[in-house]
Amino acid sequence: MTEASESPKKTPLHSLHLELKGKMVPFAGYDMPVQYPLGILKEHQHTRAKAGLFDVSHMGQVRLTGEDPAAALESLVPGDIKGLARGRMRYTLFLNEQGGILDDLMVTNAGDHLFLVVNAARKDHDVAHMRERLKGKAEVELLDDLALMALQGPEAAAVLGRFIPEAATMKFMSYLPATFNGIPVIITRSGYTGEDGYEISCDKSDAETIARALLAEDEVEAIGLGARDSLRLEAGLCLYGHDIDETTTPVEAGLEWALSKRRREEGGFPGYAIIKDQLANGAPRRRVGLQPEGRQPAREHTDVCDADGHKIGEVTSGGFGPTASAPVAMGYVDCAHAAVGTPVQLMVRGKPLAAKVAAMPFVPQRYYRG
Amino acid sequence: MTIKYTKDHEWVRVEGDVGTVGVSDHAQHQLGDVVFVELPDVGRQLTQGKEAAVVESVKAASDVFAPVSGEVIEANADLENDPSLVNAGAETTGWFFKLRLSNPSELDGLMDEASYKAFVEGQA
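The listed protein sequences correspond, in order, to chains A and B.
Residues in the first sequence are numbered consecutively from 172, following the working numbering.
Residues in the second sequence are numbered consecutively from 13, following the working numbering.
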């Protein structure tokens with residue numbers, strides 16, 4: 172049986188997406204809205220200007236329990252998990268023995284357990300990986316009964332604050348169990364658009380009630396996966412399976428900031444020897460921003476060439492940035508060509524498109540810093 | 013003057029031996045927000061059913077095929093500055109290029125407006 176013939180899974184908000192006339196597409200095994208009638212461009216701009224509501228229930232929510240789940244998880248990821256204060260969260264990576272990235276994830280210290288959010292397409296893999304590698308050290312529970320929404324944008328705090336007053340003053344990358352119109356929720360001040368905002372986890376039976384309450388607020392529009400992708404690309408954030416995968420290391424991907432000081436010194440995570448060497452001596456290639464001249468976008472898998480036409484890399488994400496009002500892309504190039512400002516050529520449909528290596532993010536991140 | 017449509021959702025409006033080509037209003041709805049159009053150079057010989065232009069929406073690039081064969085005599089320069097004309101007026105100001113038909117009998121194999129409308133409804 173091919174993947175296409177299997178019936179896609181539905182999130183708890185599926186009937187709401189249909190009611191809102193979402194254009195549904197298969198994504199990571201789910202039937203998901205790529206856009207609503209507003210369209211990707213306006214949905215993107217609305218999120219940057221006000222607040223957008225995204226259904227991210229396809230992502231995996233996982234509970235890790237045990238005697239010392241932080242110590243256990245540190246054997247699989249390079250982040251400082253033991254040092255996470257209660258109620259704080261961090262971005263980290265599952266790594267393989269070559270230092271390649273198996274998935275990227277958010278980890279929250281929820282007090283008596285760790286709360287993980289992993290990618291939809293990788294959640295079964297991640298759960299199996301943890302169960303095998305953490306056997307006897309931690310219990311892994313995939314929380315299938317939960318929904319997840321993201322409320323993102325400069326008005327997100329004002330909107331959510333009407334329902335959960337404490338939300339408005341939460342620190343960036345923190346976590347709070349709360350109630351939303353009497354409904355128990357877990358909120359985090361986080362997201363993946365480059366904007367301030369929140370992710371809201373709740374029982375799947377409550378998801379539609381919460382979504383409708385948020386959508387009833389003037390500032391909020393439903394936003395699909397299309398705009399989610401253009402927002403995260405402008406923000407310079409990696410999409411697993413595109414910008415990072417099992418063949419890319421955190422150093423190649425420019426994710427050194429996810430390698431905490433203590434872990435760099437102590438190691439104790441898969442691929443440490445390779446990553447330590449790359450930290451000291453550099454990696455052969457590097458993820459960079461790519462800014463084409465003019466208006467023509469360069470898409471994923473476009474070859475990147477030097478001025479003489481020799482292939483030096485490949486675009487891993489590319490499209491048109493509605494806020495940048497210009498085409499934007501990211502990809503990997505040989506490290507000799509990775510400096511910001513380096514002129515390159517992008518081979519779009521056989522023709523060279525002039526571009527340069529650009530600083531990321533393309534649009535400044537606006538996380539809440541208190 | 014006559015307007016004909018292809019099953020790939022291009023239209024061609026013929027005046028004398030000159031055809032003006034674009035994508036249908038139905039197609040622009042499917043494409044979403046158009047952000048770039050790659051047009052054929054003037055003088056290029058196009059073959060019916062073969063790649064003639066590329067339209068890029070926020071999300072993806074899509075080929076546009078020549079509805080009829082002929083030589084390109086003009087490209088719509090307005091699309092360079094404002095590709096959203098394709099969304100605003102797919103079958104009017106958002107035209108792509110004009111060509112001089114080399115084989116007008118090819119038009120016989122295309123759909124008229126009523127047939128195209130029925131074809132689109134049948135696809136839905």
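One or more of the hints may lead you astray.
Computed cross-link-like contacts, BS3-like style, restricted to lysine-lysine with a CA-CA straight-line distance of at most 27 Å [unchecked claim]:
| # | chain 1 | residue 1 | chain 2 | residue 2 |
| --- | --- | --- | --- | --- |
| 1 | B | LYS129 | A | LYS192 |
| 2 | B | LYS129 | A | LYS194 |
| 3 | A | LYS522 | B | LYS129 |
| 4 | A | LYS522 | B | LYS62 |
| 5 | B | LYS62 | A | LYS192 |
The set of hints was computed from the structure by calculation and includes no laboratory data.
Hint by hint, here is what the structure shows:
Restraint check for B:LYS129 and A:LYS192: satisfied, since their Cα atoms lie roughly 22 Å apart, inside the 27 Å limit. Among the hinted pairs, B:LYS129 with A:LYS194 is consistent with the structure: their alpha-carbon atoms are about 21 Å apart, no more than 27 Å. Under the criterion of a C-alpha separation no larger than 27 Å, the hint pairing A:LYS522 with B:LYS129 is inconsistent with the structure, at around 36 Å. Between the alpha carbons of A:LYS522 and B:LYS62 the distance comes to roughly 18 Å, so the proposed pair stays at or under 27 Å and holds.
A threshold of 27 Å between alpha carbons decides the hint, and for B:LYS62 with A:LYS192 the separation of about 34 Å lies outside it, so the pair is violated.
In this structure, the hints that do not hold are numbers 3, 5, in rising order.
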